[in-house]
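Read in order, the letters of the sequence shown correspond to residues 798 to 1249 in this note's numbering.
It is worth saying that the hints were derived from the structure and are not from the lab.
Predicted model only: the values in this text are computed from it and were never measured.
A couple of the hints might just be wrong.
Distance ranges between label pairs, derived from CB positions [stated by the list, open to error]:
id: 1; residue 1: Gly1188; residue 2: Asp950; range: 33 to 43 Å
id: 2; residue 1: Gly1188; residue 2: Gln897; range: 28 to 38 Å
id: 3; residue 1: Ala991; residue 2: Arg854; range: 28 to 38 Å
id: 4; residue 1: Lys1068; residue 2: Ala934; range: 29 to 39 Å
id: 5; residue 1: Phe1134; residue 2: Arg898; range: 20 to 30 Å
id: 6; residue 1: Ser879; residue 2: Arg923; range: 20 to 30 Å
id: 7; residue 1: Val853; residue 2: Ala902; range: 21 to 31 Å
id: 8; residue 1: Gly1019; residue 2: Ala1117; range: 44 to 54 Å
Taking lysine-lysine and the DSBU-like style, the derived pairs with C-alpha atoms no more than 30 Å apart in a straight line are [as the list claims (entries may be wrong)]:
id: 9; residue 1: Lys1068; residue 2: Lys1022
id: 10; residue 1: Lys973; residue 2: Lys1198
id: 11; residue 1: Lys1198; residue 2: Lys1227
id: 12; residue 1: Lys968; residue 2: Lys1068
id: 13; residue 1: Lys1077; residue 2: Lys1067
id: 14; residue 1: Lys1067; residue 2: Lys1227
id: 15; residue 1: Lys1068; residue 2: Lys1227
id: 16; residue 1: Lys1022; residue 2: Lys1067
id: 17; residue 1: Lys1077; residue 2: Lys964
id: 18; residue 1: Lys1123; residue 2: Lys973
id: 19; residue 1: Lys1198; residue 2: Lys1055
id: 20; residue 1: Lys1077; residue 2: Lys1022
id: 21; residue 1: Lys1022; residue 2: Lys973
id: 22; residue 1: Lys1219; residue 2: Lys1067
id: 23; residue 1: Lys1198; residue 2: Lys1123
id: 24; residue 1: Lys1219; residue 2: Lys1055
id: 25; residue 1: Lys1077; residue 2: Lys973
id: 26; residue 1: Lys1068; residue 2: Lys964
id: 27; residue 1: Lys973; residue 2: Lys1067
id: 28; residue 1: Lys1068; residue 2: Lys973
Beta carbons: idealized from backbone N, C-alpha and C, even for Gly.
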Amino acid sequence: MTGLKNAGGALIARLTSALQKHPRRASAALAAVLLTGGSGAFAVANLGPDPADLPVRTLIEPVASLAQGHDLAELTDLQAFSLYRNETTRSNDTAESLLQRLGIADPQAAAFMRSDEAVRQNVLSRAGRLVSAETTADHQLTALTVRWAPDEDGTFRRLTVERVDGKLQTKIETGKLTASPRLAGGVIRSTFYAASDAADIPENVSMQMADIFEGQLDFRRGLRKGDRFAVVYESLEADGEPLRAGRVLSTEFLNNGKAHQAIWFQEDGKKGSYYTLDGKSLQQAYLSYPVEFSRISSNFSMRLHPIQKTWRAHLGTDFAAPTGTKVRTVGDGTVSFAGVQNGYGNVIFVEHANQHTTVYAHLSRIDVRQGQHVDQGDIIGAVGSTGWATGPHLHFEFREKGEQRDPLTIAQITDAAKPISKSARAAFDKQAAQMRIELNAGTQAVAVASAR
798 MTGLKNAGGA
808 LIARLTSALQ
818 KHPRRASAAL
828 AAVLLTGGSG
838 AFAVANLGPD
848 PADLPVRTLI
858 EPVASLAQGH
868 DLAELTDLQA
878 FSLYRNETTR
888 SNDTAESLLQ
898 RLGIADPQAA
908 AFMRSDEAVR
918 QNVLSRAGRL
928 VSAETTADHQ
938 LTALTVRWAP
948 DEDGTFRRLT
958 VERVDGKLQT
968 KIETGKLTAS
978 PRLAGGVIRS
988 TFYAASDAAD
998 IPENVSMQMA
1008 DIFEGQLDFR
1018 RGLRKGDRFA
1028 VVYESLEADG
1038 EPLRAGRVLS
1048 TEFLNNGKAH
1058 QAIWFQEDGK
1068 KGSYYTLDGK
1078 SLQQAYLSYP
1088 VEFSRISSNF
1098 SMRLHPIQKT
1108 WRAHLGTDFA
1118 APTGTKVRTV
1128 GDGTVSFAGV
1138 QNGYGNVIFV
1148 EHANQHTTVY
1158 AHLSRIDVRQ
1168 GQHVDQGDII
1178 GAVGSTGWAT
1188 GPHLHFEFRE
1198 KGEQRDPLTI
1208 AQITDAAKPI
1218 SKSARAAFDK
1228 QAAQMRIELN
1238 AGTQAVAVAS
1248 AR
């Protein structure tokens, strides 16, 4: 007992000394743990004492065998326990491959999943769906639950395969997604997307950050090694399990010593937008890129036509990407045409304000109809190789009064966004103050982690 008291006293003394010497580190570590539930995307300082310095005492106590005083039936009952495991479905999954990754050896369950229509339609060959399984001690399936969010309506689907009276059966239910804030951050070593991957930040969150700051930062050529960033975003959860990431709530990027900050704010009855922490709108009229995570394969210039083999003006920009890659509209507008048109193949025309038009061609899929209103960032189709195309890519055009312009210049067109109203200013300032605290905690934690 005396040794335990001495160890406890030594621990308290070291913690007190660490807090006095490093109060900023302590606050950053505490904020990161509170905001991320202990699973943040960056490291924080270890404030505890070195275990090697603590006193060690060895105790030896004889333990009676479990078999003494028990019959065989009682020992068998002790082994009646359940096993649990989580997995994510893959596009090439069969019933056997999925169950094998879950550690399940149950031919009856595999045969049931192959024959059940609900499982075939919603689980097998469906990538990215969250699977939870419960099994007996001998690896027989007790229950299997699959969760996914098919739409942007705030709900998710829950498919359950469970054993009832010795027989397997399936049911599908609908639940409501819950949102909780997550704080993450990273340091630029090579590229922004490499840094966000290293910090386990979801791809759609990284893309939102690039969209938010595209009028201020060049994410392809303007970043420097050592630049830091932090972001607070929504984690959308189903039954307490993170299913996907939602909207970026606030973010900060330190580029070459200059801080760029943004916060999402929505007034009652109005469309939400991003603002600086002092209330200046960051809304751009157009996004720079209609395809996420792609490369430019042909610019707005003269080129040798890949099919006709003649030198012609290329009046758009080609973005190389795999077939099926999502295509988004770069600005608010109305679909004026959606269908097949000559060399464009499957193509969509969107009319915007100020007699601006954007064109999205060679699509493998069209997800909108003529006359439909679309908002900036909405998914309108998918990359393909229809029409005059030698491979999968998106041909993108920007037209002003019917005349083609260089699409890479559209991000320079600013949006005449209205400032925050006087009636909403107090609510905005309160939200901005809270986000400032969270972002400060994030950037401090990133700085501590990168210095180690």
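Results of checking the hints against the structure:
Against the hinted window of 33 to 43 Å, the Cβ-Cβ separation of Gly1188 and Asp950 comes to about 35 Å, which satisfies the hint. Checked against the hint of 28 to 38 Å, the pair Gly1188 and Gln897 passes, with Cβ atoms roughly 36 Å apart. The supplied range of 28 to 38 Å is broken by Ala991 and Arg854, whose beta-carbon atoms lie about 48 Å from each other. Here the CB-CB span from Lys1068 to Ala934 is close to 55 Å, at odds with the stated 29 to 39 Å.
Taking 20 to 30 Å as the suggested C-beta distance range, the pair Phe1134 and Arg898 does not conform, at roughly 46 Å. Take Ser879 and Arg923: their Cβ atoms lie about 26 Å apart, and the range 20 to 30 Å holds. A hinted range of 21 to 31 Å is violated for the C-beta pair Val853 and Ala902, which are about 43 Å apart. Hint check: Gly1019 to Ala1117, Cβ distance near 22 Å, so the stated range 44 to 54 Å is violated.
With a C-alpha separation of about 36 Å, the suggested pairing of Lys1068 with Lys1022 is violated against the 30 Å cut-off. With a C-alpha separation of about 45 Å, the suggested pair Lys973 and Lys1198 falls outside the 30 Å cut-off, and the hint is violated. Our distance criterion of 30 Å between C-alpha atoms is broken by Lys1198 and Lys1227, whose separation comes to about 43 Å. At most 30 Å may separate the alpha-carbon atoms for a hinted pair to count; Lys968 and Lys1068 exceed this at roughly 38 Å.
Using a Cα cut-off of 30 Å, the hinted pair Lys1077 and Lys1067 holds, with the two alpha carbons roughly 16 Å apart. With a CA separation close to 19 Å, the supplied pair Lys1067 and Lys1227 stays within the 30 Å bound. Straight-line distance between C-alpha atoms of Lys1068 and Lys1227 comes to about 19 Å, which keeps the hinted pair within the 30 Å bound. Of the pairs offered as hints, the one joining Lys1022 and Lys1067 is violated, with about 39 Å between alpha carbons and a cut-off of 30 Å exceeded.
This hinted pair does not check out: Lys1077 and Lys964 have alpha carbons roughly 61 Å apart, beyond 30 Å. Annotation: proposed proximity of Lys1123 to Lys973 holds, straight-line Cα distance about 25 Å (limit 30 Å). Distance check on the hinted pair: Lys1198 and Lys1055 sit about 38 Å apart at the alpha-carbon level, beyond 30 Å; violated. Between Lys1077 and Lys1022 the alpha-carbon distance is near 28 Å, which keeps this suggested pair within the 30 Å criterion.
The hinted pair formed by Lys1022 and Lys973 fails the criterion: a straight-line CA distance of about 41 Å is larger than 30 Å. Of the pairs offered as hints, the one joining Lys1219 and Lys1067 holds, with about 14 Å between alpha carbons and a cut-off of 30 Å not exceeded. This hinted pair checks out: Lys1198 and Lys1123 have alpha carbons roughly 27 Å apart, not beyond 30 Å. The suggested pairing of Lys1219 with Lys1055 holds, with an alpha-carbon distance near 29 Å, which does not exceed 30 Å.
Between Lys1077 and Lys973, the direct Cα distance comes to roughly 34 Å. Violation of the 30 Å bound is thereby established for this hinted pair. For the suggested pair Lys1068 and Lys964, the alpha carbons sit about 51 Å apart, so the restraint of at most 30 Å is broken. Under the criterion of a C-alpha separation no larger than 30 Å, the hint pairing Lys973 with Lys1067 is consistent with the structure, at around 24 Å. Between Lys1068 and Lys973 the alpha-carbon distance is near 23 Å, which keeps this suggested pair within the 30 Å criterion.
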